[in-house]
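Asks: Construct the complete structure from the given sequences, taking the supplied hints into account.
Protein chains: 2
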Amino acid sequence: MTTRFSFSLLATDGAARLGRIDTPRGQIRTPAFMPVGTAATVKAMRPESVAETGADILLGNTYHLMLRPGAERIARLGGLHRFMNWDRPILTDSGGFQVMSLAELRKLTEKGVTFRSHIDGARHELTPERSMEIQRLLGSDIVMAFDECPALPADRRRIEESMRLSMRWAARSREAFGDRPGHALFGIQQGGLERDLRAESAAALKEIGFDGYAVGGLAVGEGQAAMFGVLDHAPAMLPADRPRYLMGVGKPDDIVGAVKRGIDMMDCVLPTRSGRTGQAFTRRGAVNIKNARHQEDPRPLDADCGCPACRDYSRAYLHHLFRAGEILSAMLLTWHNLHYFQELMAGMREAIAAGRFAAWEAEFHRMRALGDIEPL
Amino acid sequence: MTTRFSFSLLATDGAARLGRIDTPRGQIRTPAFMPVGTAATVKAMRPESVAETGADILLGNTYHLMLRPGAERIARLGGLHRFMNWDRPILTDSGGFQVMSLAELRKLTEKGVTFRSHIDGARHELTPERSMEIQRLLGSDIVMAFDECPALPADRRRIEESMRLSMRWAARSREAFGDRPGHALFGIQQGGLERDLRAESAAALKEIGFDGYAVGGLAVGEGQAAMFGVLDHAPAMLPADRPRYLMGVGKPDDIVGAVKRGIDMMDCVLPTRSGRTGQAFTRRGAVNIKNARHQEDPRPLDADCGCPACRDYSRAYLHHLFRAGEILSAMLLTWHNLHYFQELMAGMREAIAAGRFAAWEAEFHRMRALGDIEPL
Chain A
1 MTTRFSFSLL
11 ATDGAARLGR
21 IDTPRGQIRT
31 PAFMPVGTAA
41 TVKAMRPESV
51 AETGADILLG
61 NTYHLMLRPG
71 AERIARLGGL
81 HRFMNWDRPI
91 LTDSGGFQVM
101 SLAELRKLTE
111 KGVTFRSHID
121 GARHELTPER
131 SMEIQRLLGS
141 DIVMAFDECP
151 ALPADRRRIE
161 ESMRLSMRWA
171 ARSREAFGDR
181 PGHALFGIQQ
191 GGLERDLRAE
201 SAAALKEIGF
211 DGYAVGGLAV
221 GEGQAAMFGV
231 LDHAPAMLPA
241 DRPRYLMGVG
251 KPDDIVGAVK
261 RGIDMMDCVL
271 PTRSGRTGQA
281 FTRRGAVNIK
291 NARHQEDPRP
301 LDADCGCPAC
311 RDYSRAYLHH
321 LFRAGEILSA
331 MLLTWHNLHY
341 FQELMAGMRE
351 AIAAGRFAAW
361 EAEFHRMRAL
371 GDIEPL
Chain B
1 MTTRFSFSLL
11 ATDGAARLGR
21 IDTPRGQIRT
31 PAFMPVGTAA
41 TVKAMRPESV
51 AETGADILLG
61 NTYHLMLRPG
71 AERIARLGGL
81 HRFMNWDRPI
91 LTDSGGFQVM
101 SLAELRKLTE
111 KGVTFRSHID
121 GARHELTPER
131 SMEIQRLLGS
141 DIVMAFDECP
151 ALPADRRRIE
161 ESMRLSMRWA
171 ARSREAFGDR
181 PGHALFGIQQ
191 GGLERDLRAE
201 SAAALKEIGF
211 DGYAVGGLAV
221 GEGQAAMFGV
231 LDHAPAMLPA
241 DRPRYLMGVG
251 KPDDIVGAVK
261 RGIDMMDCVL
271 PTRSGRTGQA
281 FTRRGAVNIK
291 NARHQEDPRP
301 LDADCGCPAC
311 RDYSRAYLHH
321 LFRAGEILSA
331 MLLTWHNLHY
341 FQELMAGMRE
351 AIAAGRFAAW
361 EAEFHRMRAL
371 GDIEPL
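Sequence order for the protein chains is A and B. First residue of the first sequence? That's 1 in our numbering, and the numbers climb one at a time after it. First residue of the second sequence? That's 1 in our numbering, and the numbers climb one at a time after it.
Hints may be right or wrong, so weigh each one.
Copies of the same chain look alike in the list, so a pair counts if it works inside one copy or between any two.
Dumping the calculated DMTMM-like pairs for lysine to aspartate or glutamate here, alpha-carbon to alpha-carbon at most 25 Å [as the list claims (entries may be wrong)]:
#  : residue 1 : residue 2
1  : 251       : 372
2  : 206       : 72
3  : 107       : 161
4  : 290       : 120
5  : 251       : 104
6  : 107       : 87
7  : 111       : 361
8  : 290       : 72
9  : 290       : 326
10 : 107       : 48
11 : 107       : 297
12 : 206       : 110
13 : 206       : 372
14 : 206       : 350
15 : 251       : 110
16 : 111       : 200
17 : 206       : 133
18 : 107       : 133
None of these hints come from the bench; they were simulated from the model. Quantities reported herein were computed from a predicted structural model and do not represent experimental measurements.
Replies: Have a look at this one:
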C-alpha cells in the first residue's frame with residue numbers, strides 16, 4: 001500500500017479518461033462516482049453495503065459535520081473514517097457551497113463567511129484556514145479548497161468577482177493545508193459559463209499547484225446543454241496528469257456526458273435522495289415505484305440488475321413498501337440506485353479501456369430511449 | 001425436511017421447557033422469540049439480517065396485510081414468504097386483536113367484526129372463516145384462531161362473555177381451517193385474570209383440538225405481576241405435548257418470567273419499535289441513546305455484543321445518528337435489539353438444556369441490577 005497520493009492516467013478514448021488514484025487508504029478507479037455521506041452516513045445504507053455496490057470513495061460534507069456532531073468531536077473520536085466505519089478514501093467538500101445554499105444570515109467578506117446554523121441558529125465562521133482545519137480534523141483524504149460560487153444565471157461581473165475571490169481563497173487554502181503526505185488538496189476552477197474566466201481561473205490554480213482540480217460552479221441551475229458547453233473546453237484547461245472532479249453531478253446522462261468530456265470524478269445526492277422518494281434509476285430510465293401500475297407486478301425493477309432489490313423482490317413489493325412508508329423501501333431503492341450508478345461507472349471504465357466509448361455511449365442512449373418495461 | 005408440523009419437548013427445568021418445532025419450512029427452536037413483520041417487513045431490517053440475528057420464525061399481522069396490500073394480492077404474488085423474501089416459518093395472528101385496537105367504527109356480532117380501515121376508511125369484515133381464508137392466502141405456517149379479548153381491567157362478566165364467544169369462534173376457526181398438512185392451527189386461551197375462566201377456556205380448546213395453544217388476553221394493561229399470576233397456572237392447563245405461545249410479550253424480564261413458567265413462544269414489537277425511538281436493550285438494562293451523556297462516548301453500546309451496531313460503532317456515533325434523524329439509526333438499533341432478544345432466548349435454551357435455568361435467571365437479574373456503564 002502506498003504512503004502517497006498519486007494519479008495514473010491509464011488510457012484515453014477521445015477526451016474520456018481511464019485512471020487510477022492511489023492513496024494510503026486504497027485505490028480509486030476513475031471515472032469514479034462518489035456517494036454522498038452528508039452527516040457521516042450514506043443515508044439508509046450500512047457502509048459495508050456501500051462498498052458492495054462498488055464505491056471506492058465517499059464524499060463527506062464539511063458544513064453538516066462542523067455543525068453536528070462537530071469537527072473537534074469527530075477528531076477526538078478518532079476521525080471520520082473510524083466514526084462512520086468506512087476505511088476507504090473520503091473526500092470532503094470545503095463547506096463553502098453548502099453555507100451559501102443552506103445556512104442562515106450569512107455574511108461574506110474577504111476573510112470568509114459568517115453564518116448561523118440551520119439546525120440550532122448558533123453562529124459559525126468559515127474561512128479558508130478554518131475549512132482546512134476542519135477537513136484535517138475529519139481526517140479527509142481529499143481536501144477541497146474553500147471557495148464560493150454564485151447560482152446561475154448570474155451577471156458576468158458577479159461571476160468574475162466571485163471567481164477572483166475564490167482564487168485568493170485557493171491560495172490561502174494551499175498555504176493553510178501545508179504539507180500532508182498521503183492527503184491531497186484539490187483546487188476548484190470557477191468562472192461560470194465564461195470561457196475566458198474559466199481560463200483565468202485554471203491558470204491561477206495551476207500557478208498555486210494542487211494535487212487535483214475540480215470544475216466548480218456547475219450544476220447550479222444552468223441546464224445540461226450549458227454545462228456540457230463548459231465541459232467541452234474547461235477540463236482541457238486543467239493539468240492532464242491530475243484528476244479532474246466535477247462537483248455535484250448528476251443524473252446518469254449528465255455523468256456520461258461529463259466522462260465523455262474528460263471528467264474523472266463526480267458526486268451527487270441523486271441516487272440516495274431518489275431512493276428515499278421512490279425513484280429508481282435503471283438502464284431503461286427512471287422508474288417511479290409509487291406508480292399504481294407496479295402494484296401487482298411480480299417482475300423485478302430491472303431483471304438484469306444484481307442488487308438485492310432486484311434479486312430478491314418484485315416491483316409489487318417495492319411499491320407496497322413505499323406506499324406503507326416502510327424504511328426498507330428507502331434501504332432497497334437506495335441500494336439499487338447506488339448499484340446502478342457504480343455499474344454505470346464500471347461500464348464506462350471498461351469501454352474506455354477497450355477504446356469503444358462511443359459504442360458504449362450509443363447503447364446507453366438506446367436503452368434509455370426504450371423506456372421502462374410495459375405494464376403486464 | 002419434514003412435510004408435517006410437529007413439536008418435540010426436549011428437556012424441562014422446573015416449568016421451563018426446551019423444545020423444537022419442525023415444519024416443512026424449517027425448524028423453530030423453543031423457547032422462541034418471533035420478531036414482528038407487521039406490513040410484510042420487519043421494520044428497518046432486510047430479512048437476511050433478521051435471520052442473522054438468530055430468528056427462526058417471524059410474525060405477520062393479518063389485519064395490516066388484509067388492508068394493504070391485501071391477502072388476495074399477496075396470494076397472486078406467490079404468498080407472503082415469497083413477497084417479503086423470507087423462506088422460514090411465518091406465524092400470522094388472526095386479525096381479531098388488532099381490529100379491536102386499531103380499526104374504526106367496529107361492530108362486533110356473533111358472526112364476527114365489521115370495521116373501517118384506519119388507512120383509507122374502506123369497510124371490511126372479519127369472521128373466523130374469513131380470518132382462516134386470509135391466513136391461507138398469505139401462506140402462513142402457523143395460523144391463529146380468530147378471537148376477541150377485552151383490555152384489562154374489565155369486569156368478570158365481560159371477560160366471561162368474550163371468552164365464550166372466542167371459544168365458539170375457535171370451533172368455527174377449526175372447522176374452516178380444515179386439514180392442511182404442514183400447516184398448524186393454534187387455539188387461544190382467554191379468561192383474563194380469572195383462573196376458572198382460564199380453565200374453562202383451556203378445556204374448550206382441548207375439546208376442539210389444536211396443533212398448539214396460545215395464552216391470549218395478557219399484556220393488555222394488567223401489569224407484570226398479574227400476568228405472572230396467570231402464567232403460574234394457565235400454561236399447565238394446556239397440553240404438555242403442544243407448543244404454548246404467549247402473545248404480544250414483551251420486555252426482557254417479561255420474557256424470562258414467561259419462559260420460567262412454561263411458555264415456548266413469544267412475539268413483540270418492542271425490539272423493533274424501540275430501535276426506531278432510540279432505546280436499546282442490553283444485558284445491563286435499557287439504554288436511551290439520545291441521552292447527551294453518550295455524545296462523546298467512544299465505547300460500544302455493549303462491549304460483549306457481537307451485533308454490527310456494537311461491533312462497528314461507538315455510542316457517540318449512534319447518538320449522532322439518532323439526533324440527526326438518520327435512517328441508519330433505526331437500522332442499527334433495531335438490529336442490536338433483535339440480536340439481544342435472540343441471544344436472550346439462546347441463553348435460556350442453553351440453560352434449560354443444562355438444567356441450570358435458576359442460576360441463569362439469577363445472573364440475568366444481577367446484570368440488569370448493575371445498570372448501564374458509567375459515563376466516561
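Asks: Next step is simple, just say for each hint if it's right about the structure.
Replies: Hints, one by one, checked against the model:
Proximity of residue 251 and residue 372 under a CA criterion of 25 Å is satisfied intra-copy only: 17 Å inside one chain copy versus 47 Å between copies. For a Cα distance limit of 25 Å, the shortest separation of residue 206 from residue 72 qualifies neither inside one copy, at 32 Å, nor across copies, at 66 Å. For the identical chains of this complex, residue 107 and residue 161 are intra-copy neighbours only, at 16 Å inside a copy versus 72 Å across copies, given an alpha-carbon limit of 25 Å. Proximity of residue 290 and residue 120 under a CA criterion of 25 Å is satisfied inter-copy only: 17 Å between copies versus 34 Å inside one chain copy.
Taking the shortest Cα distances, residue 251 and residue 104 never come within 25 Å of each other, neither inside one copy (28 Å) nor across copies (45 Å). For the identical chains of this complex, residue 107 and residue 87 are neighbours neither inside a copy (36 Å) nor across copies (58 Å), given an alpha-carbon limit of 25 Å. In this homomeric assembly, residue 111 and residue 361 never come within 25 Å of each other (Cα to Cα): the closest approach is 45 Å inside a single copy and 65 Å across copies. In this assembly of identical chains, the alpha carbons of residue 290 and residue 72 lie at most 25 Å apart only when taken from different copies (20 Å versus 42 Å within one copy).
Both within a single protomer and between protomers do residue 290 and residue 326 lie at most 25 Å apart by alpha-carbon distance, with minima of 13 Å and 22 Å respectively. For the homomeric pair residue 107 and residue 48, neither the shortest alpha-carbon distance inside one copy (40 Å) nor that between copies (50 Å) is at most 25 Å. In this homomeric assembly, residue 107 and residue 297 never come within 25 Å of each other (Cα to Cα): the closest approach is 53 Å inside a single copy and 35 Å across copies. For the identical chains of this complex, residue 206 and residue 110 are intra-copy neighbours only, at 22 Å inside a copy versus 85 Å across copies, given an alpha-carbon limit of 25 Å.
Taking the closest pair of Cα atoms, residue 206 and residue 372 never come within 25 Å of each other, the shortest separation being 45 Å inside a single copy and 56 Å across copies. Taking the shortest alpha-carbon separations for residue 206 and residue 350, neither the intra-copy value of 30 Å nor the inter-copy value of 68 Å comes in at or below 25 Å. Within a single copy, residue 251 and residue 110 get their C-alpha atoms no closer than 34 Å, and across copies no closer than 59 Å, so neither meets the 25 Å cut-off. In this assembly of identical chains, residue 111 and residue 200 lie within 25 Å of each other by CA distance solely inside one copy; the values are 22 Å within and 83 Å between copies.
Within a single copy, residue 206 and residue 133 get their C-alpha atoms as close as 23 Å, which meets the 25 Å cut-off; across copies the closest is 74 Å, which misses it. With identical chains, the CA atoms of residue 107 and residue 133 are at most 25 Å apart within one copy only, with a shortest distance of 20 Å there and 66 Å across copies.
In summary, the structure is inconsistent with hints 2, 5, 6, 7, 10, 11, 13, 14 and 15 from the numbered list given earlier, while agreeing with the others.
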